[in-house]
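Peer 1: Sequence:
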Amino acid sequence: MNWIDLLRAIFGLAITLGLIGLAAYAVRRYAPDLMARLQTQGERRERRLKVIETLILDPSRRLVLVRVDQEERLILLGEGRELIEPRGPVENKPNDSNTAHQGIGHDRF
29 MNWIDLLRAI
39 FGLAITLGLI
49 GLAAYAVRRY
59 APDLMARLQT
69 QGERRERRLK
79 VIETLILDPS
89 RRLVLVRVDQ
99 EERLILLGEG
109 RELIEPRGPV
119 ENKPNDSNTA
129 HQGIGHDRF
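Numbering (the working numbering), first residue to last: 29 to 137.
Simulated from the structure, these hints should not be mistaken for laboratory data. Computed from a predicted model, the values in this text were never measured in an experiment. All residues carry an ideal CB built from backbone N, CA and C; glycine is no exception. Be aware that one or more of the hints could be misleading.
[Unchecked claim] Simulated restraints on C-beta separations: (1) 85 x 51: 34 to 40 Å; (2) 87 x 113: 20 to 26 Å; (3) 38 x 92: 46 to 52 Å; (4) 63 x 108: 27 to 33 Å; (5) 54 x 99: 37 to 43 Å; (6) 104 x 53: 14 to 20 Å; (7) 64 x 89: 23 to 29 Å; (8) 110 x 75: 30 to 36 Å; (9) 42 x 110: 38 to 44 Å; (10) 113 x 50: 42 to 48 Å; (11) 86 x 50: 35 to 41 Å; (12) 63 x 86: 43 to 49 Å.
With these hints in hand, go ahead and build the complete structure from the sequences.
Peer 2: Here is the structure:
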């Protein structure tokens, strides 16, 4: 094997790895839902952990409201530490807007 064949093999390997990296970057950049589906393809069960809301306080800190099973927790992230505040179990509230307006003296138009 001479030098030209060796250089051709190294160049071909570099091109192949570059194309694989470019394809991975493009999928992560332009199709994040595809990556999420590929990662959870084997798992079809319901997740126990859910991020309910986030609030950015300043560039280095944020509040995150997380639901774990039926319990919500408030987490303060930033400055190299975490503060976790339990909030207790979540009550299932009815979403029916008619029950909120039913009362004595309220007229519906």
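Peer 1: When the structure is checked against the list of hints, which entries are broken? Sort them ascending.
Peer 2: 6, 8 and 12
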